[in-house]
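Letter by letter, the chains look like this.
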Amino acid sequence: MKLTLKVWRQKNNTAQGHFENYQVEADEHMSFLEMLDVLNQELIEKKEDPVAFEHDCREGICGACSMVINGRPHGSQAGTTTCQLHMRAFKTGDTITIEPFRANAFPVIKDLAVDRSSFDAIIQAGGYISVNTGQAPDGNAIPIEKDLASEAFDAATCIGCGACVAACPNGSAMLFTSAKINHLGKMPQGQVEHGRRVKNMVRVMDKEGFGKCSNVGACEVDCPKEISTDNIAALNRYYLGQVFGGQD
Amino acid sequence: MKLEANVPEGELAEKWKKYRGSMNLVAPNNKRRLDVIVVGTGLAGAAAAATLGELGYNVKCFTFHDSPRRAHSIAAQGGINAAKNYQNDGDSIYRLFYDTIKGGDYRSREANVYRLAECSTEIIDQAVAQGVPFAREYGGLLANRSFGGVQVSRTFYARGQTGQQLLLGAYSALSRQIAKGQVKMYNRHEMLDLVKVDGKARGIITRNLLTGKLDRHAAHSVVLATGGYGNVFYLSTNAMGSNVSAAWRSVKEGALFANPCYTQIHPTCIPVSGEYQSKLTLMSESLRNDGRVWVPKTVEDAQAIQRGEKRAEDLPEEDRDYYLERRYPAFGNLVPRDVASRAAKVASDEGKGVVKTGLGVYLDFAAAIERYGKSEAFAAGIHNPSSEKIRELGEAVVKSKYGNLFQMYEKITGENPYKTAMKIYPAVHYTMGGLWVDYNLQTNVPGLFALGEANFSDHGANRLGASALMQGLADGYFVIPYTIGTFLANEIRTPKISNDSPEFHDAEQRVKNRLDQLLAIGGNQSVESFHRRLGKIMWDYCGMSRNAEGLKKGRELIRALRKEFYEDVYIPGSADEFNPELEKAARVADFLELGELFAVDALDRGESCGGHFREESTENGEAKRNDAEYTYVSAWEWDDNNPVLHKEELTFENVELKTRSYK
Chain A
1 MKLTLKVWRQ KNNTAQGHFE NYQVEADEHM SFLEMLDVLN QELIEKKEDP
51 VAFEHDCREG ICGACSMVIN GRPHGSQAGT TTCQLHMRAF KTGDTITIEP
101 FRANAFPVIK DLAVDRSSFD AIIQAGGYIS VNTGQAPDGN AIPIEKDLAS
151 EAFDAATCIG CGACVAACPN GSAMLFTSAK INHLGKMPQG QVEHGRRVKN
201 MVRVMDKEGF GKCSNVGACE VDCPKEISTD NIAALNRYYL GQVFGGQD
Chain B
1 MKLEANVPEG ELAEKWKKYR GSMNLVAPNN KRRLDVIVVG TGLAGAAAAA
51 TLGELGYNVK CFTFHDSPRR AHSIAAQGGI NAAKNYQNDG DSIYRLFYDT
101 IKGGDYRSRE ANVYRLAECS TEIIDQAVAQ GVPFAREYGG LLANRSFGGV
151 QVSRTFYARG QTGQQLLLGA YSALSRQIAK GQVKMYNRHE MLDLVKVDGK
201 ARGIITRNLL TGKLDRHAAH SVVLATGGYG NVFYLSTNAM GSNVSAAWRS
251 VKEGALFANP CYTQIHPTCI PVSGEYQSKL TLMSESLRND GRVWVPKTVE
301 DAQAIQRGEK RAEDLPEEDR DYYLERRYPA FGNLVPRDVA SRAAKVASDE
351 GKGVVKTGLG VYLDFAAAIE RYGKSEAFAA GIHNPSSEKI RELGEAVVKS
401 KYGNLFQMYE KITGENPYKT AMKIYPAVHY TMGGLWVDYN LQTNVPGLFA
451 LGEANFSDHG ANRLGASALM QGLADGYFVI PYTIGTFLAN EIRTPKISND
501 SPEFHDAEQR VKNRLDQLLA IGGNQSVESF HRRLGKIMWD YCGMSRNAEG
551 LKKGRELIRA LRKEFYEDVY IPGSADEFNP ELEKAARVAD FLELGELFAV
601 DALDRGESCG GHFREESTEN GEAKRNDAEY TYVSAWEWDD NNPVLHKEEL
651 TFENVELKTR SYK
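If you read the sequences in order, they're chains A and B. Here the first sequence stands for residues 1 to 248, where the numbers follow my numbering. Here the second sequence stands for residues 1 to 663, where the numbers follow my numbering.
Just chain A, with the same shape it has in the complex (with noise of 0.2 Å):
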């Protein structure tokens, strides 16, 4: 299939960007990744300098790959990371549109690479739960009903890759902060420290530039494990306890 790339062409973090077209030749079979390979080979080839994109993994888990196709962070396909992305899903003679992730809390690096670790500082905010290596009690003394167990593992599929703050127009980071907060949170252990990790962390979003919740939804939408907005809900009811109830 011959398609025409729209590529988002960025030096560095302060360089002016601009779309630069390509034309390619694929494979239906092939990834999404694996057709930019063949653009970055034969890039190389010419000795020119190769689209900049964020991969590991490939297999829709690390969080690495990020790019917005066609305007939708990670494509338009359903619960899919652009890594598991297959070019059946386009046509020869498409033209098709890669911007990186735009969002005030994760600048460009290069290209399509953008910087995420605003994330890891929420995280560093109260994403944990205290307990030390071999403070551990018996895994079976405290019983967690099983239904309890699956919610907390729907908000802990998150992985990390921003498509909810790409994807809102505001650039706000609550679904990331609130599946954290809930995964944690909706299990006994967890309980303990729940009020001052919602405070925390809620603060270091705000501090560190994301924008706020308009409940537009987009992010549950576009995030690739399809994880609630109903989690935002959760926390904003925590929140408002915490602030003005001292609890939740």
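Any given hint could turn out to be false.
To be verified - Only pairs whose alpha carbons sit at most 35 Å apart, straight line, appear in this in silico DSBU-like list of lysine-lysine: (1) B:17 with A:212; (2) A:91 with B:563; (3) A:47 with B:584; (4) B:663 with A:46; (5) B:15 with B:496; (6) A:6 with B:553; (7) B:17 with B:31; (8) A:146 with B:399; (9) A:46 with B:512; (10) A:47 with B:536; (11) B:663 with B:374; (12) A:207 with B:31; (13) B:252 with B:663; (14) B:399 with B:389.
What the hints contain is simulated information worked out from the structure, not anything from laboratory work. These figures come from a predicted structure and were not determined experimentally.
Chain A is already provided as a structure; the job is to place chain B on it using the hints.
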């Protein structure tokens, strides 16, 4: 060089307990004055950095990723073993130890493996306390499943994403220490050399991947948790960035590399679809609980399938060869990974492969769907159900068990595995070999430790399913925090290590020269093209089936390729900027040397054991181990022309060496 394994005296079951209780400790006031470098943030690295931080050491932790959470441990699917015996089915620490020794084909160190089994139970407790959402029963207690052909149910899991959940647990513990200032985290910093001062590991040289700046980091001790080297094959289930460089740079500084030829080739991966393929995707071993593996009985049928003229469902039962069930009636489709992989290769080599390239076999769920469907219909009181109803009910059961895997398969291949048989083929998945370490996980370089997949010690010649997560976390949470004290207890009077010594300057210069050399080649071929060619040589000559002639030829080809690389590779850009091609070039350069050592090691080991299958060493078509000559660990000292072999003889005092049979 005499290799001292430093295994403590005493009964097997008492060794670790006694040792832990009597070893030298470092007092809290001294821990504060000691610096430790941890490289890598997968299960082993993140667990070690977090725990050493909790203990009070000053930890500097490094990853080439943009965040510690991206390490490839995250991709492990199936589960983690632990001898909890929650199922009351006869499991015990001894049984886990025995299964692991036997599974590794009697090529691992008894005392290390026993300690691993002991630590396994504490890992589950720790992970639960961190909030890892393991699968649970309706009563609220932890669920288990069976895995990898053992006879007990000891695998804990979090759907098909156990590695992700455990890594996020370790990452959260690490994040907590980073927030406290106890661990200083360096993201996007790649270790490019090891620095030794007076023979001891005292630091590393890193490259800031965003700016290209080289930095000298000094510490009292260096811990490597940098993963395996499966990407020497180019195509593997490893992440694109997984590499051997930190370990290999240490080898260049005198560390020994053990058993490089022990590679695990996982039987159930999605087959290669074309020349452009960049990586392979694993389908969890758990699928073999219900899927039946087969190929057509005749080459004619296989060719028709390869041409797309026939499909799996067109072949009647009598024209199919369920070769695992035929060859291994006792274990059937659940034989260990090495056996299943070789059998798939044999079938494909006979011309009976079922994909366009000829390299693929079926993993068929039709029988399971029918079996589950009938049972569900019976349970629901439906008499004489239609075949459509049976299918519908059966597919629902299969979906509840393997839904996410089936969905992943469909995304990648575009085929619906509920309707037509999956196609699978073996792929490189894990490397049992790694840096040689003693019982303390210390390499032969004092002060340099290696954890997780980066060391060689626990899995022998073949790793059992759900044991990699166990080992990474055991090493990181429960072993290194103690054993590093055996080295550091003697360093409490050593002042802060300066990074301004001649050794550090020399090492930095070495790195700079090497990067400049690579950039100066200015040839015409991309790094990727060399990596692909190396992978092809490795697969063809050092892959699932090896022989002396092929290994010699492979070594020659790798050497020729290395020469060509240094004459004709082209790397765009410069060293002082964000330059992923330069990063890759340095890694591929190291793979070109490791690949050669791999072939040398495989040639030396004239027996078949575990993942290492030598065509010269077989009996009735099955692998034949040779205990009289090869019951040793091969620890290699690198030399460009003649790598030097140091042997650590393995002694088995608690288990009897037997032939593994699955017939």
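Numbers of the earlier hints that this structure fails to satisfy, in rising order = 1, 2, 4, 6 and 13
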